[in-house]
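Peer 1: Going down the list, the protein sequences come from chains B and G. In terms of this note's numbering, the first sequence opens at residue 840 and continues consecutively. In terms of this note's numbering, the second sequence opens at residue 317 and continues consecutively.
Any given hint might turn out to be false.
What the hints assert, rightly or not - Below, simulated BS3-like cross-link-like pairs (lysine-lysine); rule was C-alpha separation at most 25 angstroms, straight line:
1) B/K1055 x G/K403
2) B/K1050 x G/K395
3) B/K901 x B/K841
4) B/K1050 x B/K841
5) B/K1051 x G/K389
6) B/K1051 x G/K403
7) B/K979 x B/K872
8) B/K846 x G/K357
9) G/K401 x B/K1051
10) B/K976 x B/K841
11) B/K1050 x G/K403
12) B/K841 x G/K388
13) G/K357 x B/K1051
14) B/K1050 x G/K357
15) G/K388 x B/K1050
16) G/K388 x G/K403
17) B/K846 x G/K389
18) G/K357 x B/K872
19) G/K389 x B/K1055
20) B/K1055 x G/K395
21) B/K1050 x G/K389
22) G/K403 x B/K846
23) B/K1055 x G/K388
24) G/K389 x B/K841
25) B/K846 x B/K979
26) G/K401 x B/K1055
27) B/K841 x G/K401
28) G/K403 x G/K389
29) B/K841 x G/K395
30) B/K841 x G/K357
31) B/K841 x B/K1051
32) B/K1055 x B/K901
33) B/K1051 x G/K388
No lab work stands behind these hints, which were simulated from the structure alone.
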Amino acid sequence: MKLNPWKYVVAIWMTGVVIAGFLISIPNIPILKQSARNLFFHVPMWFTMAVCFAAGLVYSIKYLNAPSPELDRKAETTTQVGLLFGICGLLTGSIWARFTWGTWWTFAEPRMNLSALGMMIYVAYFVLRTAFDDPEKRAKISAVYNVFAATTIPFLLYIIPRQLPSLHPGAEGNPAFSDITAPEMRYVFYPAVIGFIALAVWLIDILNRYKKVRHKIEQQRA
Amino acid sequence: MIFSLIQAQEDTSAAVDTLTKTYSQKWDAASNLQHANPVLKAASSHDLIFIVLGVTLVIWFVLLFFIVRVDKKLGNLEKEIEQSKVKGAS
């Protein structure tokens, strides 16, 4: 049994990203030092999460337009994988903060707390899903909730943190990335973003197919 | 005797580096790396960054192996269901 060829490309691509991320020479930045390499791993987590949640929003709106179990399944799966990457982003950010800001967690840092809040809004999506036995009711109400959840993300992660003073890059109206990042780091950063998004697509594909198989087996039994 | 973990929290550099003080005399094998074979020598150059890369790659390959395996198992399951459907129809 062979996999789709693009999956092998993702595997090799991501291996290359990891190797390059560790081995390219980066400028010495005070305080950050070698931890600046986290740019290749921590930041793509959030990009990937945003893409997954956006896909979830699209599927939820599609579901509300024309309900089908397939669309509900896809909305759930993309949101699951998005949350997975978001939690990875929170954890890696916390580790990075300990060694550059001096603390695992601070309530003075708006981006940290608002992204944690965003994750909790999405955790509530899955809690909400467990509350219904009727699959149609579950699909409809969680689709409506997902539209709400997805609209909070741009505000919590991009708009509000940029208006407030913060240690995190991208505060006080600054773009997160443009002038302060050395150009050679972008040669790894952008491939890393693409690689992680492709990896997320792979995981979504596996989860969707698993749910489809489970659904078919349930139908056969019934 | 002072409990070293509590002591280590008193200042940041100690909290980050709790091992050097206690164990540096016992890390005899590490100091011999300069005289080890060329492969080990190369691996331990550049502040041990290759060791971190190695650890990360091991984790990545194990996860990748797992993902590929689940994907293939799922593919087989899909095929099986497809075939049973065809049989059921005929």
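Peer 1: Okay, which hints does this one fail, numbers in order?
Peer 2: 3, 7, 8, 10, 13, 14, 22, 25, 30
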